[in-house]
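Starting from the known structure of chain A, fit chain B onto it as the hints suggest.
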Amino acid sequence: MNDREYSRIVTGFTYDGRYLDDCFLVCIHNSLRNLSQRTGIGDFEVSQKEIRSAAHYKPVGYYNLDALIRYLDNIMGPYGYKSRIKSKPDMTLDELLRILSISNCSFPIISVGWNYFLLQNARLKPDSNDPIDHAIIVMEIDPTGQEITIFDPMEKQLCKSSNMSDFHRRLPLPKVIKHWERSVFSPRWCMWFEKRAEQRLLEV
Amino acid sequence: MESTLRIPIGSPEDLDSAVEYCIRTHLGPSTYISKKSVGDTERALYEIGNSYLEIISDAETTNRPTLIKKRIDNIFSVDIVKEKDRYAVLLPSIDTISKATLMRINERAAKSETALIETAHDRFIKIPMVSIALSPIFQILEAVDSEETISAADIHHRKGSAKAQKYLDFLSQIDFLKRENGHFVKGDMFKRYSKSTGDELYNIIAARVLEAGFEYLQGYFHLTMLTPYMRLSNSYYYPSGEFGNRLKMDAILLRDYEKRLYGRFRNINQLRAQVGQMRRAKIFAKDRKYILGDSELFANYCKAIKASCTA
Numbered sequence: 001m002n003d004r005e006y007s008r009i010v011t012g013f014t015y016d017g018r019y020l021d022d023c024f025l026v027c028i029h030n031s032l033r034n035l036s037q038r039t040g041i042g043d044f045e046v047s048q049k050e051i052r053s054a055a056h057y058k059p060v061g062y063y064n065l066d067a068l069i070r071y072l073d074n075i076m077g078p079y080g081y082k083s084r085i086k087s088k089p090d091m092t093l094d095e096l097l098r099i100l101s102i103s104n105c106s107f108p109i110i111s112v113g114w115n116y117f118l119l120q121n122a123r124l125k126p127d128s129n130d131p132i133d134h135a136i137i138v139m140e141i142d143p144t145g146q147e148i149t150i151f152d153p154m155e156k157q158l159c160k161s162s163n164m165s166d167f168h169r170r171l172p173l174p175k176v177i178k179h180w181e182r183s184v185f186s187p188r189w190c191m192w193f194e195k196r197a198e199q200r201l202l203e204v
Numbered sequence: 205m206e207s208t209l210r211i212p213i214g215s216p217e218d219l220d221s222a223v224e225y226c227i228r229t230h231l232g233p234s235t236y237i238s239k240k241s242v243g244d245t246e247r248a249l250y251e252i253g254n255s256y257l258e259i260i261s262d263a264e265t266t267n268r269p270t271l272i273k274k275r276i277d278n279i280f281s282v283d284i285v286k287e288k289d290r291y292a293v294l295l296p297s298i299d300t301i302s303k304a305t306l307m308r309i310n311e312r313a314a315k316s317e318t319a320l321i322e323t324a325h326d327r328f329i330k331i332p333m334v335s336i337a338l339s340p341i342f343q344i345l346e347a348v349d350s351e352e353t354i355s356a357a358d359i360h361h362r363k364g365s366a367k368a369q370k371y372l373d374f375l376s377q378i379d380f381l382k383r384e385n386g387h388f389v390k391g392d393m394f395k396r397y398s399k400s401t402g403d404e405l406y407n408i409i410a411a412r413v414l415e416a417g418f419e420y421l422q423g424y425f426h427l428t429m430l431t432p433y434m435r436l437s438n439s440y441y442y443p444s445g446e447f448g449n450r451l452k453m454d455a456i457l458l459r460d461y462e463k464r465l466y467g468r469f470r471n472i473n474q475l476r477a478q479v480g481q482m483r484r485a486k487i488f489a490k491d492r493k494y495i496l497g498d499s500e501l502f503a504n505y506c507k508a509i510k511a512s513c514t515a
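Residue numbers (the numbering used here), protein chains in the order written: chain A, 1 to 204; chain B, 205 to 515.
Here chain A stands alone, though its shape is the one from the complex:
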């Protein structure tokens, strides 16, 4: 994925707001927006406001992911799509590669531990591994398996705060996996939307 293609895909993506507390919701919105564009199903483009409302979002970082998933499944069900969540041990790198290779899957959203921000050259205070997670979208893993391309909903805020000019959208895969393993939410937590297998068979 070159820079131009990356920019084309993320055009219209939203970013974290004032409280930096809704990265999961922002990632879900963006992932659905992209899926909507790829499939041509307009109903998948659910606004950020609608997502927040369905998740009962309130600051700081409070939302019901379970309620949101039920809401989205109701929208996507008639089209044969469903939300999927997996974590360790069911979630593996191979599974991540599978999701990325299928056009009927959305971009996967993964949860990474706090130290992920070290990959963005951030200074962390305190540096302990307290419970807090961050969500990013995986957009591509290069064929050599060395590099991963991500969308980080905090990119704008991080850049703005420090005159940072070289935000790392491409990162070494092993390092990202290390932080994925340390997700507090659940190690190797991953969420995506996928067309159900039986639905795909019917189409064939």
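Keep in mind the hints are simulated off the structure, nothing from the lab. Quick caveat, the model's predicted, so the values are computed rather than measured. Treat the hints with care, as some may be off.
Claimed, not checked - If you anchor each label on the Cβ, the simulated ranges turn out as follows:
| id | chain 1 | residue 1 | chain 2 | residue 2 | range |
| --- | --- | --- | --- | --- | --- |
| 1 | A | D73 | B | S281 | 28 to 38 Å |
| 2 | B | K303 | A | E50 | 16 to 26 Å |
| 3 | B | V242 | A | N163 | 42 to 52 Å |
| 4 | A | C159 | B | Y420 | 20 to 30 Å |
| 5 | B | R468 | A | D3 | 14 to 24 Å |
| 6 | A | M1 | B | E287 | 43 to 53 Å |
| 7 | A | I75 | B | K303 | 23 to 33 Å |
| 8 | B | Y420 | A | I177 | 51 to 61 Å |
| 9 | B | N278 | A | E50 | 26 to 36 Å |
| 10 | A | E181 | B | K303 | 50 to 60 Å |
Beta carbons: idealized from backbone N, C-alpha and C, even for Gly.
Okay, now just chain B, sitting in the frame of chain A:
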């Protein structure tokens, strides 16, 4: 809306993990168990906390964002009740816990304001506008100093005798005046500093008045000219304290911090003028390039914050 989830009965460790998973999926991924009150076999109570991130900006820092992770322990509790073959997990409403969290965050900012007043009251009174705001108090203290005894009728406040009575009552509450036979005389605090003379005496008194009653002066007397200076200094010292070092800010960054803390977007020229006054009062250092806190004040402020957290 409150809700109840049901989870299978397993080992105590399984219960901890199950509760953690419930709160993270139903209330927010950054919630965590901050304390477990050991109940009997039929009940358990978990105290729940929440973490959140803040980006700290520094005008001089380039290419390295700083993220601060903040924890608030024991914001709300989750009750676990054993049923026939399952545990019922009683979750509070998101609306309720969000309000409780925002209140705790605001309390931190308020604690910081208090620490600033404690450590910088003698500097605040050197700001001309603050000194003007305190002039009715000076008038009363000057009158009682020369006349030994005064009444509300002796104080001609432009807003009337009711306002004058309020000032007299306030000064009595903080022991600068004492009521005697329907009149007011010097209180213990006034007497304590009366060996000082002239401007020095009034500076000490004004600083003590500010220290004792900033909230009161601001809220009760509507002395709103004090507020912008307090907020600006807190918008600088609060994030610097969290960062653990004096941040270098420019006017735009300070304005952003104030917006974050108080939700108000100030006129930049007005802000620059107020910063200038605060530099002269030694609330900010005389740095030409950046808005920088005074090193001595910052050290004292950090001590006061630490003391208030352990109190």
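- Message: Name the hints, by number, that the structure is in violation of.
- Response: 4, 5, 10
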